[in-house]
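Colleague: Could you put the whole structure together from the sequences, leaning on the hints where they help?
Chains as they are written, first to last, in my numbering: chain A, 5 to 360; chain B, 277 to 559.
Everything labelled a hint here was simulated from the structure, so no lab data went into it. The hints are all genuine.
Here are a few chain A residues that face chain B, going by a calculated C-beta distance under 7 Å:
#	residue
1	L131
2	G138
3	L143
4	G146
5	A149
6	L152
7	R153
8	H312
9	V313
10	N316
11	G323
12	A324
13	I327
14	L331
Pair ranges (Cβ atoms, derived):
#	chain 1	residue 1	chain 2	residue 2	range
15	A	L332	B	V450	31 to 41 Å
16	A	W299	B	W337	42 to 52 Å
17	A	Y295	B	V537	30 to 40 Å
18	B	D401	A	S104	53 to 63 Å
19	B	F442	A	W21	50 to 60 Å
20	A	W284	B	L353	27 to 37 Å
21	A	E305	B	T431	51 to 61 Å
22	B	W337	A	L344	52 to 62 Å
The C-beta atom is built at its ideal place from N, Cα and C for all residues, glycine as well.
For reference, the chains in residue letters:
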Amino acid sequence: MTDDTARTGRAAVLDRWRRSPMLLRHLAAALAAFLGIVLLTSVTDPFTNLRIATIGYHLVAVAGLALLIGVSGQISLGHGAFMFIGAYTMALLVIHVPGSPLWANLLLAIAASCAAGVAVGAATARLHGPYLAGATLILAVGLPAVALRYPEALGGSNGLTFSVAGTPPALSDTVPDPRWQSWVVWLAVLLALVVVANVSRGRLGRRLRAVRDDEAAAALSGLRPGRLRTVAFVISAGCGGLAGALQAYLLGTATPSSFGLALSLSLLAAVVLGGLGSLWGALWGALALVYVEVWGHDAAEALGLSDHVANNLPIALFGAALIAIVLLWPSGVQGGLARLGAAVRTRRIGPGGRPD
Amino acid sequence: MEQLAELVLNGVSSGAVYAALALSLMIIYQATRVVNFAQPGLALIAAYTAFSVTRATGSYWLGFVLALVVGGALGVLAERLLIRPVQRRSELSAIIVTLGLLMLLQGVAGMVWSNEPHSFPYPLDFRGRFSATDAFAVAAVGVTALGLLLLFRYTPLGLRMRAAAFRPEVARMVGVRVGLMLTVGWGIASVIGALAGMLAVPPFIFPNVLDGVFVYGITAAVIGGLDNPFGAVLGGFTLGIGLSLVSGYLGPELVTLAALVIVVVVLSLRPDGLFTRPRARQV
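Modeller: Written out as structure tokens, the structure is:
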């Protein structure tokens, strides 16, 4: 009897949760995640704190790219370029406008990369598949060279170095800098993810999927495919810009070599690895981006392999993983987990209880 | 005027390399509707093979020949093992697989030969304006283009390859081994890619050495039209000269962005490339 009431009570809560506005649900989930991060960073050492922050900015870049590829069906090999724009905007603001607060810098970095996204997205909205991949590939290779063209303003191949404010004085006794930084990074990341989740699940996401699946039908029902594609590109570029700005904030530097083609391709690998078009997939992808690198180094060190093996192992592993996933497991990690979850649920409810 | 002539001549010799890469991309695209983003990876391994062979034996030309053989063999393997399973699936799958192969090959090259640049020999004398090496590059690409023309126009093998690319079902019915033809196409294209790599690598070889050149190869293929061999060659030389002028008058760092602007402008005006007759597009 009591068991039954508890179950109805839980069902009622679940029901109310499902019916509450989407934005509210996503904000609540983000708040819960933020509390989890605060807890996690409080029990781990400063080194791990920084690594958690690194996962955070990779996550927002991968999520933005996952939205572009999975929901709107476009491909970009050039997202490293938007991270480049975000990082350099951040660096220039910190150096030349010392009074500007961090949140304003982040917003301006997002605005700058969105502006670049408008330019690139509008120019490439008519391109598809291989042509779009080629054009964005050129962007990824070409843009970092701009820093070499203007060494006085952008620091040439050494990039820009600056120092960012750490923990505010009121908290500086209790919260060490790395912990504070990872909180800042994750707060920004989670807010951005709320936007991405809302876009992906909301009306805009539905329209993007319609254009992706059948452009002619979508156009006939009054949607404007070119404009919708550009919008998706801009949102995704903004995510890349935020990721770059957060990276610059965390490291205190912005160098052209860290935004090369390898970065753009790794981001793509992370999206495919996690599973196209899913925010959870983006989390697995971001974790892989950070930990494959770490484990690759550790493994090479443990086996006594030379430095150049250690430096190249992650990119080779990513490449092999990309091929293996497309050939064997096209829905990625999240797709596999979802199928596993469905199988478990079906078994618990019993066969026939829930048609698959 | 002096500078202009110099820049144009430089542009012609680098244009030869872009033309070769564009040809290689074009053959593969025509046969399997896949843009082979792994091309710089295949050519890289070929060039590193030449590097090791030349260092061991002292003979540049032995290394050169082996590089073409290795390049072709890798192309055949890539088509058989990786491309064929995903080719019918979706555009995106094929792009991702070739990118994965690119990352894998570059990573492996870095593991075996390290990321440090090694010096890589020129085939012939490279000093002075339009040196013997430049002439060799232009001649090699010219001969390749002519050979391809003869192959596709006048030989039974070329006819079968064209049939397999354009109407696979019909070709199969009249007895053409379509799968084999596609593999041959990848092999030939990868040999040409390896040739382009051998011409583009000197003076130094390192895992990312071909990224930039490949970008211009794609640009040349796109402005020439991915379906059109003459377009690919013309696109390569036009781009070589154009970028050489940008580099000379505006700065070498802006060359890649100039290529991007060219691609976007060309594709907005002529989605099938500059040198292709416009036709109705299938929806």
